[in-house]
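As you go down the protein sequences, you meet chains H and G in turn. full-length UniProt numbering puts the first residue of the first sequence at 1, with every later residue one more than the last. full-length UniProt numbering puts the first residue of the second sequence at 1, with every later residue one more than the last.
These aren't lab readings, by the way, just hints derived from the structure by calculation. Note that the structure is a prediction, hence the values are computed from the model and not measured. Just so it is clear, CB atoms sit at the ideal spot from N, CA and C, and this is done for glycine as well. Keep in mind that the hints are not guaranteed to be accurate.
Derived coverage of chain H by chain G (criterion: at least 3 residues anywhere in the stretch with Cβ under 8 Å from a Cβ of chain G; other residues may be distant) [claimed, not checked]: (1) 31-39; (2) 106-117; (3) 229-242; (4) 247-261.
Taking lysine-lysine pairs in the BS3-like style, the calculated list, with each CA pair at most 30 Å apart, reads [what the hints assert, rightly or not]: (5) G:K271 to G:K290; (6) G:K298 to G:K266; (7) G:K295 to G:K266; (8) H:K286 to H:K108; (9) G:K150 to H:K108; (10) G:K290 to H:K5; (11) H:K5 to G:K295; (12) G:K126 to G:K150; (13) G:K79 to G:K266.
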Amino acid sequence: MPLRKENPLLSPVNGLLVDLPSPSNISYLWNFGSLLGLCLAMQIVTGCFLSMHYCAEVGLAFASVGHIMRDVNYGFLLRYFHANGASLFFLCLYFHIGRSLYYGGYLKGPVWRVGIVIFLLTMATAFLGYVLPWGQMSFWGATVITNLLSAIPYVGTDVVQWVWGGFSVSGATLTRFFSLHFLFPFILAILVVVHLIFLHIEGSNSPVGSKTPVDDVVFHVYYTSKDWYGIVVTLMLLSIVVYLMPNLLGDPENFIQANSLVTPVHIQPEWYFLFAYAILRSIPNKFGGVVSMFLSILILFFFPLLHRSWLRGLPFRPFGRMAFWSFVVNFVLLTWIGSLVVEEPFIIIGQLVALYYFFYFLILIPLLGEVENNLLFKQRKKCDL
Amino acid sequence: MAYRFNRLRDISNRLQDVVKMQSRLAATATEDGMKSNRSLWFALGTLAAGGLATGYLLQPNVKAADLELHPPHFPWVHKGPFSSLDHAAIRRGYEVYRQVCAACHSMDQLAYRHLVNVAYTEDEMKAIAADAQIEDGPDDDGNMFSRPGKLSDHFPKPYPNEQAARAANAGAYPPDLSLITSARHGGEDYVFSILTGYEDPPGGCTEKEDLYFNPYFPGQYIAMAPALYNDVMEYSDGTPATISQMAKDVCTFLKWAAEPEHDDRKRMGMKALTLLGMLTFASYYYKRHKWSVLKSRKIVYRPSPHS
């Protein structure tokens, strides 16, 4: 037996990356899994080096970032790769989740649920990390988002002060956010392993959505070469942003040191949180807004229950496909609304697209599943009889 | 004449043929259910494009709502994806900062050493640093003392603290300029427009005490007095010190100050993109090569005779 199969340390790696049977027909949309692995690894490595020069103290945090940019050798590269790497992380996450929604990957329950936990924890990590440079948007973003917890009945204010470690976002908040921002990626890494272990029980889904291994090939060299190609292309795109327009996705406000006495005119999160932010702002009631925002993510847990179709994915379901793409457009609209000031006509547009977000999950998915079951299968049964 | 008429008839016949052929094609397409599908997609596409266009048209209304003039896009030489900063302008811009801006604005993230090999030689910079008096200490007797500046010193601050700055400037706080082009929407275009945009309040706008009308500033009334006048200073290289010249130079200097890695970063970008570009082709070729057998096989479906 070759070493890679009998060695107890190598055999799991062999099972994950070498001899793993994989469907021969999975498209480039299946590259985003390995790209997310790349993102996590890149964030951990650059973040580790950044933490050697960063100082989590309210008087020094902003200046220490300046020190990284000006005095640390290649510090600007570390920081730009880390900051833009977060955007890449979410871009890949959205493609990865979108792929799963389209092809019915969520029907693999454990993989899907661990995946959502990974998504939530990544959002938390990104939020914590954005606070660390201690710019204006860091400070006020932290203030706005932590205050959402105050919507919890009875204990809200206590919970918020417990999270802050004081009576406002302050030094204690910054140090604990730094600790957690350092810790979470390692929990993420463990969850990624769990995600993969569950994935390999059933194996990858495919565009056709077939259940049995019909036409499998070994992972290495087919998918190592394909994933490597995806990684190079992605690094190319990331490099264009990092080297040529590193502040494209940033907010000018965050180049001003945090000041609790001056509120920025427009407080808004980074682009990857705008859809949830738009949902939050569309609900006129604070508690309702917070619940809707958390539900916009948690609703993904119920997706397997809402799936009524006898088919796994959308490639053979024209109505489901149209609804899916309308959902994608809706998601982009939510992101756009989240970046705008709260005034008409954007309030009503925001409320409509926020409504459609939930309408898609709760009504369209089960309804179209049943409709298409009837159109595609019931009719044929009659003919057969 | 007859020839022309024949030619016209010829063309019209041909056109009619084309129309007929197209309608026949369209008819076949309808039979296959293709045309309806296509027109559906066309309708959906038009709808989506219309929606996006409406959104785009709505967006400027928001911008017009705040009564503020947005800076134009100036043709900075460093604007190109691979263009470097104009280092002669950085040098002149530092002269403007030192002689004009530094009276009120700090740049606390900048040290004299940062300018070495950027706009000055080490000796030149040592001489400039030595002109400044830096507070150091405490000495062995426990007293603070002043000494000439060194390369490792940060630029001296004009005011000891924010309160002193506000007291000296009618309550306004001159912001630190270390990151100013990154910290404002519009970047160096905005800073240039502020510096050159002062004007008398137009009809309908009143004069305000200690405030100056500037259409580019949010709120239009800025506490900073116009700082640049023709020949307010002299350039060491003899360049005529006009307002726009000084504004352009100081903006280039501030751009460098906010992004001192600017030139290195773009140079590294050229190398990285060249390498990754070649690697992209190589990786694609490798992937295609390894997949060629799988991709070129033929799969035949033979239904079982029993079913």
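task: If any of the earlier hints don't hold here, list their numbers in rising order.
output: 1, 2, 6, 7, 8, 9
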